[in-house]
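Engineer: Take a look at the letters that make up each chain.
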Amino acid sequence: MELVQQLKEQLIEQLCLEDLTVEDIDTDAALFGNESIGLDSIDALEINVLLEKEYGIKVETPAQGKEIMYSIQTMADYITKHQQ
Amino acid sequence: MSAMGNTTQENFERLSAERSGIIDRLDPELSKNSLNLGLIDTANLPLDTPDLQGFSRLEQLIILSIKETISTSEVDLKDPTTLFVLSSTKGNIDMLAQEQPDFNDIALGTTARKVMAYFGMCSAPVVISNACVSGVMAYVVAQRLMNTNQYRQAIVVGADLLSKFIISGFQSFNTLCEGICRPFDAERTGLNLGEAVATQLLLSTPKEGAIALVNGAVSNDANHISGPSRTGEGLKIAIEKVVENIEEIDFVYCHGTSTPYNDAMEAQALVRSNLSGVPALSTKAYTGHALGAVGVLEIILGAAALQANVLPRTLGYRSDKHGVDPLVKVSDTTLQQEQNCMLKLASGFGGSNTVALFRKGIIAEETTAQEKVQDEVLRSVKISEGKIIVDGRQVENESETAFDPFAKVIYRKYLGSYAKFHKMDRLSKLGTLAAELLLKEIDLSSYDTNEIAMIFANTSASINSDIKYQESIKEIPSPAYFVYTLPNIVIGEISIKHQLKGEGIFFIQNEHDAEALADYRQSLWQSTKTQLVLEGWLEVDEANNYCADIQLIKRTNL
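Top to bottom, those sequences are chains A and B. Residues 1 to 84 (the working numbering) make up the first sequence, in order. Residues 85 to 642 (the working numbering) make up the second sequence, in order.
No lab work stands behind these hints: they were computed from the structure. Nothing here was measured: the structure is a model prediction, and the numbers come from that model. Where a beta carbon is used, it is the ideal one built from N, C-alpha and C, also for glycine. Errors might be hidden in some of the hints.
Cβ-Cβ distance ranges computed for the label pairs, FRET-style [claimed, not checked]:
#1 B:L419 x A:E52: 42 to 48 Å
#2 A:Q73 x B:N629: 57 to 63 Å
#3 A:S36 x B:P112: 43 to 49 Å
#4 A:Q64 x B:N329: 34 to 40 Å
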């Protein structure tokens with residue numbers, strides 16, 4: 001399965017975004033500060049958990065996390081480069 | 085008892101000597117790597133005496149702490165006018181890691197009952213589990229209940245011990261710092277965890293020269309369940325309810341956990357309530373953040389500081405690295421100054437804030453019995469086993485009674501679209517649904533939302549989520565699960581959804597004691613300007629059995 005698709009599904013599952021479908025998440029749109037997805041600081045921490053659990057990636061600093069998690073696309077790009 | 089010693093005297097001496105009790109410790113029982121923790125040293129405590137058999141470590145320490153407190157006073161614990169208030173966030177949670185945990189042993193109500201039985205205390209136990217404000221809240225609750233003239237004295241206990249459960253949870257939030265924390269400092273990065281068991285005896289008529297609790301207030305940010313309001317809104321509201329005369333306050337004893345957000349928020353609250361000129365103190369670098377016990381510990385230390393006319397140094401903070409609003413005054417040296425009055429602040433997960441004002445040398449008159457305030461039930465909602473009953477009439481009867489599918493059906497019917505709902509744990513979902521039905525089509529515009537309160541209780545606290553979180557520790561601890569391991573989060577969720585900023589409190593009871601809740605509600609009518617209360621039982625146990633039994637009650641003679 002394409003990584004972008006997989007990430008969207010994993011996000012919906014991990015963050016309990018039950019009112020959303022994969023189609024609702026725009027690959028390039030900002031994930032945070034986005035009213036339609038509504039992620040908060042706890043979600044950011046949970047994405048850290050997801051990255052570590054599923055892709056072996058450890059986010060070192062909040063600043064780094066912010067960059068990686070900007071959008072589904074930036075996450076996919078980072079994972080492709082750094083997956084353990 | 086804390087990282088700074090096992091008596092008040094030891095603690096205050098260390099505080100005055102500017103010596104932290106936090107040490108770098110590697111204990112595989114607590115965490116994989118070494119951490120700076122404020123641990124109690126139990127080596128010299130008489131914990132193996134026969135009378136303490138059958139009690140958990142936490143309960144043993146509470147018993148010793150109470151013994152120490154009453155050894156210097158003449159209080160009769162067996163007297164029904166003696167109130168017992170216990171404040172704790174997680175109690176015996178370490179037992180959850182066992183193969184076959186005994187949920188009854190883990191329950192905070194059991195801890196209260198056992199401790200009270202040891203001393204022959206017979207009043208209705210008051211157990212508060214309201215995140216990190218619980219300790220300060222315990223004083224405010226004790227005072228209010230004493231003001232209803234049922235009680236003449238109160239034993240207030242704050243108790244929380246560290247465990248892998250708690251430590252891993254805070255680690256999952258990336259909120260622990262390296263080294264010793266730095267409250268209000270520009271280079272602060274997080275907090276140190278600590279543990280403590282602290283007891284204080286309160287008298288309804290303070291003795292001459294004693295420190296008196298003048299007034300207290302609780303509020304909710306109605307903003308976020310784990311992060312504080314950036315503008316310090318809720319804390320400001322609570323401060324303004326308590327402080328009448330800014331000039332009399334000699335220092336503000338802050339929560340000052342040293343997280344980037346908490347300290348910034350408290351500073352905002354101080355500036356916005358015109359208290360920035362008053363010296364602000366944090367002692368978290370001495371003891372660590374001892375959660376449900378820290379409020380009691382710090383009030384005891386604060387009282388000692390008032391008596392000694394000493395304003396302790398905010399250890400960890402450096403004046404050339406001031407890291408909050410420049411108007412706020414923090415000291416990196418111990419000061420000798422005449423002190424008569426301190427304001428204590430606390431904030432916690434769920435968006436709760438508690439403020440209490442203490443004054444030295446007050447002599448209070450005997451309070452006369454207050455007239456009972458009349459109130460009226462506007463609506464009642466009961467939810468259990470697939471049924472919903474509103475004002476005695478059954479409105480829903482689902483054949484699928486299991487919580488998860490039932491909650492989904494009710495959510496779709498009554499909430500429709502509220503994305504936060506799906507992230508909630510079962511207790512918060514139950515409370516959110518019950519509150520939605522309770523407030524449906526009620527016009528709240530005639531009420532001041534700063535004066536709409538919530539009083540809830542259950543037996544199992546957040547055990548349903550505790551179990552989920554405990555499971556997650558085996559792999560990677562989940563912050564989303566951890567945040568719900570506090571029963572008062574449901575109050576935070578309801579508060580956010582309906583923007584209710586008044587008082588919120590979560591009690592733990594051994595079984596639904598509606599009369600005890602009504603007593604507390606009565607004390608709210610008498611001691612505060614609360615106009616409307618959401619009150620009752622919200623329970624989801626370890627087996628997903630659920631029960632909501634709540635009422636909307638308004639005071640009638642406003």
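Engineer: Each hint: holds or not?
Structural biologist: Evaluated hints:
1. B:L419 x A:E52: 42 to 48 Å: holds (46 Å)
2. A:Q73 x B:N629: 57 to 63 Å: At 45 Å between Cβs, range violated.
3. A:S36 x B:P112: 43 to 49 Å: holds (45 Å)
4. A:Q64 x B:N329: 34 to 40 Å: violated (49 Å)
This entry does not satisfy hints 2 and 4, going by the numbered hints stated previously.
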